[in-house]
Amino acid sequence: MTGHRTPKLKRTMATHISDSNGADLRADETLPFGEDTPESRAEAENTLLELAAAFPLINSITEQSALSLLDSSNSIGMTLADVDARYRTLVEQIPAVVFMAFLDKGIGEAYVSPQIEEMLGFTQEEWLNDPVRWYQQIHPDDKARWSIEAAGLFMSGQPLKSLYRVLARDGHVVWFHCEAKLVRNSEGQPWFIHGVAFDISELKRAEASGREYAERLKSLSRRLMEVQEAERRNIALELHDEIGQVLTGLKLSLEMGARKSPEGVSRSLDEARVLVNELMARVRKLSLDLRPAMLDDLGLLPALLWHFEHYTTQTQVRVFFKHSGLEKRRFAAEVETAAYRIVQEALTNIARHAHVTEAFVRLSTHQQTLRIEVEDHGLGFDTEAVLSAAETSGLAGMRERAVLLSGSLLIESGLETGTRLTAELSLAGA
Amino acid sequence: MSAKGTTTIVLADDHQVVRQGLKALLEAESDLRVVGEAGDGIQAIRRVELTSPSVLVLDLMMPGLNGLDVIPQVKRCSPHTQIVILSMYSNEAYVLEALSSGASAYVLKDSSGGDLVHAVREAAAGRRYLSPPLSDRAIEVYQQKAKATTLDRYETLTTREKEVLHLAAEGRTSAEIAARLGISGRTAETHRSNLMHKLDLHSQAELIRFAIKRGIVSIDD
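Chains as they are written, first to last, in our numbering: chain A, 1 to 430; chain B, 1 to 221.
One or more of the hints may lead you astray.
Unchecked claim - If you want the footprint, here are the derived chain B segments under chain A, 3+ residues with CB under 8 Å:
hint	region
1	61–72
2	81–93
3	132–146
Unchecked claim - With a cut-off of at most 30 Å between alpha-carbon atoms, the simulated DSSO-like pairs for lysine-lysine come out as follows:
hint	chain 1	residue 1	chain 2	residue 2
4	A	Lys-328	B	Lys-109
5	B	Lys-213	B	Lys-162
6	A	Lys-285	B	Lys-145
7	B	Lys-213	A	Lys-322
8	B	Lys-198	B	Lys-147
Simulated from the structure, these hints should not be mistaken for lab results.
Cβ coordinates follow ideal geometry from the N, Cα and C atoms, glycine included.
For reference, chain A alone in the conformation it holds in the complex (with noise of 0.2 Å):
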């Protein structure tokens, strides 16, 4: 095929060697990059040498097989010219990186195609005027195992078909999939190699933003886990401490009132009642306090006020809200609850975190959007320590409430300039 000028190997090493590293030379085409220092370089011989080493004498082939093919071509009226333009055109056309070596015509009698410029940040006469570059241009973790690999094909003339990183010019990571065969002339003596090499960098970055899904997925799942288990212990504890105890109360209120004179039967019925009145009011808060059934019946801005005052009552911040484009509208019921556990969990960490006696809420529609907006004017806080801490922080949930519905959270804060939280819920469907 084309000849190139290559300089050579180690002038002093016998012809099948420098022959045999060049083969090698060729079949890496798909590699790239590394410094280029004299440790980096003598390693770099000394492997292909090895190698070199290590593989049969392929010095006797002839220039008969290369006269066959004249002559085949020749009789279908093509010169020699003809065949190599027409290889050339459709070699260079390919979405990847064709290479070849003769095995047995030293280490010039090359070729790589020009789309390992693109690819790779080197030009096809770079990368063919340095013997040694393409080895150097393996990621380091790859070079134990293509060495192996290259081995396999050269010596028992096994195809390869591999993975390996390369590093382009400017040092990023470019993934490629390999293979190479070993072509044997008609004595069966190893001839030269070729083969292809595509870039799958984005399916590699591809996997990997799905293995960082998955990742996420399992966190999250272990979270829901954890704070369903936790939410049963609560409504546990609840259900025997606050309720159990009055049923308590109210039973012996009961068994008392049997034993009892008229008189103390009517007084024993009014404790019971007080006692039942007692009961009604926990089991409502129990409910309402695990899920506000406003949320379904009323709609999100029934379920807010409430929720404000509640939140007042028992925490002493006053809640400042506007709003615009709720009223009287009911939105999709993923919408309403994101938003409110939202605005919940933001309240809930300014009477924690804040130490203010304020807060302020904003909610507002603008076409598609529901923006919420949640302030204080308090000690705010480092956010990005926070949210680097997110897996466990209710802030992760908060977010994941937001994407999951198309739509953003943004947190702002600064130390003593307080906290604003920002989410967008999209009203458009998920």
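Got chain A; can you put chain B on it based on the hints?
Frame of chain A; chain B shown alone:
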């Protein structure tokens, strides 16, 4: 209202125990008579259609069709039937919703039995009744709170965004704004696009118009 001043009643509550209790309570009064019972919303509507009672005592929360959904349907099929809502919730939002759907009275489940009897009589007489501590006043207050406020979008800007808005309204470029505030050009650009988004502005002309309307810049500047 049927003959001889007797008030006929249909009871709708999904708990039989509660229905029994209510029935006993109501029938202890000589002028009240329970003519039908229902365990869910749909049954309630059927019973009302069938018996056309003076009063429907309706639990607000029932499975399937809940009380709030039943009210307008009952009003449609038996307009003279007055509705007394029975509810666990003293929240004004519920009361308001029930009343505006057409209920005449709203009674809390933890109020006394006498309260319910009173509510049924008032409703039958065509008057409105709310269990204490509910009151028309509390409902008005709630209605006020629930009214949409004109949301001042300017308020939603951060201090930095307000600064950028002021400078941008004076016609300064992002680079000038950045230099003025000692931030990077890119940050200035981000603030600017965030504030435009928050204020729902889409061009420099709209930004200036907004700034003039707000009195941030005056026209002679």
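Exercise. How does the coverage statement for the region 132–146 of chain B fare against chain A, requiring three or more residues with Cβ below 8 Å from a Cβ of that chain?
Worked result: Our answer is that it holds, as 3 residues pass the Cβ test (under 8 Å) against chain A, meeting three.
Exercise. Taking 30 Å as the top limit, are the C-alpha atoms of B:Lys-213 and B:Lys-162 close enough?
Worked result: holds (15 Å)
Exercise. Regarding the pair A:Lys-328 and B:Lys-109, is the alpha-carbon distance no greater than 30 Å?
Worked result: holds (27 Å)
Exercise. Are the Cα positions of B:Lys-213 and A:Lys-322 separated by 30 Å at most?
Worked result: Given pair B:Lys-213, A:Lys-322 holds - Cα atoms ~21 Å apart, limit 30 Å.
Problem set entry | Hinted pair B:Lys-198 and B:Lys-147, Cα distance within 30 Å | holds (22 Å)
Exercise. Does the structure keep A:Lys-285 and B:Lys-145 at a Cα separation of 30 Å or less?
Worked result: holds (23 Å)
For this session: Take the region 81–93 of chain B, compare each residue's beta carbon with every beta carbon of chain A, and decide whether three or more fall closer than 8 Å.
Result: holds (count 4)
Exercise. Does the region 61–72 of chain B contain three or more residues whose Cβ lies closer than 8 Å to a Cβ of chain A?
Worked result: holds (count 3)
The structure fails none of the hints (numbered hints given earlier).
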